[in-house]
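Got two chains here, each in a separate frame; can you build the complex from them with the hints?
From first to last, the protein sequence lines are chains A and B.
Residue numbering for the first sequence is 0 to 273, as defined by numbering that gives the first Met the number 0.
Residue numbering for the second sequence is 0 to 275, as defined by numbering that gives the first Met the number 0.
Treat the hints with care, since some could be wrong.
Over the 10 Å line for every Cβ pair with chain B, so calculated as not near, a few chain A residues [stated by the list, open to error]:
| no. | residue |
| --- | --- |
| 1 | E42 |
| 2 | F57 |
| 3 | I106 |
| 4 | L111 |
| 5 | S113 |
| 6 | Y140 |
| 7 | V145 |
| 8 | V155 |
| 9 | I191 |
| 10 | G192 |
| 11 | P198 |
| 12 | A218 |
| 13 | V258 |
Pairwise CB distance ranges (calculated) [to be verified]:
| no. | chain 1 | residue 1 | chain 2 | residue 2 | range |
| --- | --- | --- | --- | --- | --- |
| 14 | B | E128 | A | D14 | 27 to 33 Å |
| 15 | A | P245 | B | K144 | 46 to 52 Å |
| 16 | A | L195 | B | T145 | 32 to 38 Å |
| 17 | B | H32 | A | K266 | 57 to 63 Å |
| 18 | B | G240 | A | E42 | 58 to 64 Å |
| 19 | A | P40 | B | V127 | 28 to 34 Å |
| 20 | B | T67 | A | V248 | 44 to 50 Å |
| 21 | A | T270 | B | H32 | 23 to 29 Å |
| 22 | B | T145 | A | E186 | 28 to 34 Å |
| 23 | B | T145 | A | L43 | 39 to 45 Å |
Derived, one-sided and incomplete: chain A residues facing chain B with beta-carbon distance under 8 Å [said to hold, decoys possible]:
| no. | residue |
| --- | --- |
| 24 | E24 |
| 25 | A27 |
| 26 | V31 |
| 27 | L33 |
| 28 | K34 |
| 29 | G105 |
| 30 | K109 |
| 31 | L110 |
| 32 | V112 |
| 33 | P114 |
| 34 | A115 |
| 35 | R117 |
| 36 | A158 |
| 37 | R185 |
| 38 | R187 |
| 39 | V272 |
Everything labelled a hint here was simulated from the structure, so no lab data went into it.
Where a beta carbon is used, it is the ideal one built from N, C-alpha and C, also for glycine.
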Amino acid sequence: MTSAAPALPPAASADIFGLLALARETAAISQVELKKLFRDPTELFSRAVQPLLWLVVFGQVFSKVRGIPTGNVSYLAFMTPGILAQSVLFTAIFYGIAVIWERDLGIIHKLLVSPAHRSSLVLGKAASAGVRGAVQAFFIYLIALVMHVQIYWNPVAIAGVFLGVAMGSAVFSTFSLVIACIVKTRERFMGIGQVLSMPLFFASSAIYPIAMMPRWLQAVAVANPLTYLVDALRGIMIQGGQSLHPFYVDLGVMAVIFVILATIASKLYPTLVR
Amino acid sequence: MHPLPGPPQAADANAISASELTRRFGDFTAVDHIDLRIAYGQIFGLLGPNGAGKSTTVKMLTTLIEPTAGTALVAGFDVMKSPAEVRRRIGYVPQMLSADGGLTGRENLTLSAQLYGMRRADRNTRIVEALSFMGLSDAAGKLVKTYSGGMIRRLELAQAMLHRPVVLFLDEPTIGLDPVARYAVWERLRVLQHDFKMTILMTTHDMDEADALCDVLALLHRGKVAVTGKPADLKAALGDGATLDDVFVQYSGSSIQEGGNYRDIRRTRTTASRLG
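The following block holds chain B by itself, in its conformation from the complex (with noise of 0.2 Å):
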């Protein structure tokens, strides 16, 4: 594939930087003012409980909703003024399975090559890398609907890494997925951080999850940074023994049921089940 230019300004040696990003729906303000600065080829976890501000977090990162204030560059890009160029350099992989069931996995690579402009030499030679990367060489001919849960994952992470992306986003990657599944997905995620170089960035609900994989944490609580650090750092901080799960409650303030609302978790609840 052809290569991408680069940023306007490469003074900036972050794959994201986000400053006072926030968005407000109507009164409710669910993004406050938070600032991200996220270093090339780190993945990175954003966590927090339900509600917190993740998603729209991810949503304003990736171009689907606008920000109501602040600025946020990807991969060099302002994600307000040029959304196009950011498109092009990010992948992303949502939290509900969204790899078409009507369609074999072949087939929704395809559709993902075509709307990535990649040429049509270039599109084969990837898919086929992509399907054997991710071990679904054998099943690219069956229909998604008949994919296991884990499998589904696997091929979506295949179609948001064909055209190389600088930063990857991942909404809940091992949502539902047995542990076999899930240390599969993990597995993956580690190569494609140390040999595609991607940068990642993650939304988990899973400590386990955060503390295996992740560089750097943010925890957002009621829409605001509640504390960034590396994960060891951030249990050392409160004393020996601690875990990522007694960082989660001392910093979300002790009761993880406030927050999140119907929808967040039917969705969570709809994605489980179609995983299980």
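Extracted from the complex, chain A is given alone in its bound form (with noise of 0.2 Å):
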């Protein structure tokens, strides 16, 4: 009778009650963007410029060069998916604007006032940046589709782009999230995105093999979540399109990525009414 009992987890989300709340709440952030990106789909379309830029301009000369090994696919099939995860990149990494925008409005003070789980915060953020990234896939199958480019029309194929979108939105809309927290100024957050967006599209599989990297660059490429997009897509967006990894492996690790760091950012978010 004396013996402790062991320490009863806290009451909240270790239940089921819990775990409804929180997904209900996470719903209800999301909705409250996806409202407001479709109000004003301006940045939609502006985001799709340079996707387009990249495969008609980029993509169709560096056809031409045929020095780069892509198997039995053309340069431009190649590089196809590596441009969808390049856009899915460089829109999810400036996510975190957003974010020290409602901080300086007060809007996080007033959410984190409220008794939502501080992880539905996060979670929202990153479905709507899921949604988001799907617009994106759609926008390229379109120029895709117009340039000719040897897509693989299967819908089980196609339902996969849209999830392996999703989850790679969501880990770099995350990880944006974790920026701002720590740097908490608009000026300072577009310096840092800007200085990490380029190299984490060149040390991926985006336009060139992984192969024909030098070796240092190989080493940072396997620890670039972005390969792992790349490589998903790859698989299944193209016909004859080939992956170093199955697709369930790469969607299995940039999800372990995003509950990493879906968990610092529901750690460090109260940190930013400091």
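Put into structure tokens, the structure is as follows:
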């Protein structure tokens, strides 16, 4: 009788009701984000311009080089999933700026005073980033269609592409959130966003195979989440596309990274109002 | 909405009681061992120059930051031991205009209701009720960025009252509002106090506001409570014809300029210009 009972886990989020509440709150946050996004879709269209340039200008010119070993697919087909991954990265990496803006307005204060789970504030943003990424994927499918890229038109594969894109967007938007929580001002954030996005892009297999890279860059590429997004997409988006890992491995790696980043972001979120 | 269970020990008759509450930022002590006792149903005003520790105190009481030392009970729950219980029982309107401009008034309220875990059936009734209470029924479907400053403030009050908090925290509730909008906010706050039995803690720079609205005041200076009491008593203590401005000057070392950092002032100005 006197032996100490194991300490009970905290009531919040430990039980099924906690999880349901978490899901409801996450849905509420992402709903709000998406409402705002689709109410003013200018950004969605402007984000489609950059991949258009990469595929139409860069892609067409580099297709002539024929020095890049892309297996049995054309260079343009090879880079299409890479450009989709890039567009996901470039969109998601600046996601945190909205959080800094909301912090300056006091919106974050109000959210943090509510009894909502801290993690739902992070997961809600990630979910809406996922939908936003899916819109990017839609645009890139359109561009690819017009440019006669050999797309693999299998419904299951296309669903896989959207799933991979959503997961990739969640990873990079949450990464962006972590940065925002650390730097806390727009100026510093913009600088860091610029500094991070290009190296992540170049140290991935987006526009050339990893095998072509020097050793040290290969090592960086293995640790780069973007590599796994590109790999996941390349295996299922284009006809004859080859990936290094099976789709579920790429997705699994991204999922693990996402869980780690989301945990960090949930811990750091309350420091935004300090 | 389902009733919230009461506090573990109902012994405390105060809506807020803080003991030795302290917060340091590095070497700087923003709030220095303050004691506060705020009875249920009061409107309590926290006054003081910029940098006196008002915002930090409110942030500790609303669980946004943890105290470095001391304790505080809000609605009977410890802000450090049971922050989740405290959050369910309080409402908060930050100094900045924090309603989301990209959403309609109704959408802002829906988000609040969802985050406070209100059931769908209750949600709609409460939202309609809060909108009409704040005189925003006609504007409910419009984007908040088209609202006037006074409307945004009333919408934020509607958000904060939706879940029937025991204690409502307001940071400079009428800063930058024109007189008509300001009186409208005052009038609604009195109704919240009398009809909804809410306890209200507000910070303000506006001595007219403190005089007109607050039952009890505490004047903070350099992180300490310089003086506390009813507005009438504070004035009487300084002699005939004294105003709250005199009280303020008397206890904040006669210099309003000292203290307050660039960020506080910038934020105040930003809020004022957004309202203008």
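Quick rundown of the hints versus the structure:
no.	hint	result
1	E42	holds, 12 Å
2	F57	holds, 35 Å
3	I106	violated, 5 Å
4	L111	violated, 6 Å
5	S113	violated, 4 Å
6	Y140	holds, 28 Å
7	V145	holds, 32 Å
8	V155	holds, 34 Å
9	I191	holds, 21 Å
10	G192	holds, 22 Å
11	P198	holds, 33 Å
12	A218	holds, 40 Å
13	V258	holds, 23 Å
14	B:E128 to A:D14: 27 to 33 Å	holds, 31 Å
15	A:P245 to B:K144: 46 to 52 Å	holds, 48 Å
16	A:L195 to B:T145: 32 to 38 Å	holds, 37 Å
17	B:H32 to A:K266: 57 to 63 Å	violated, 29 Å
18	B:G240 to A:E42: 58 to 64 Å	holds, 60 Å
19	A:P40 to B:V127: 28 to 34 Å	holds, 30 Å
20	B:T67 to A:V248: 44 to 50 Å	holds, 47 Å
21	A:T270 to B:H32: 23 to 29 Å	holds, 24 Å
22	B:T145 to A:E186: 28 to 34 Å	holds, 29 Å
23	B:T145 to A:L43: 39 to 45 Å	violated, 23 Å
24	E24	holds, 6 Å
25	A27	holds, 4 Å
26	V31	holds, 5 Å
27	L33	violated, 11 Å
28	K34	holds, 7 Å
29	G105	holds, 3 Å
30	K109	holds, 5 Å
31	L110	holds, 7 Å
32	V112	holds, 4 Å
33	P114	holds, 4 Å
34	A115	holds, 4 Å
35	R117	violated, 10 Å
36	A158	violated, 29 Å
37	R185	violated, 13 Å
38	R187	violated, 15 Å
39	V272	holds, 5 Å
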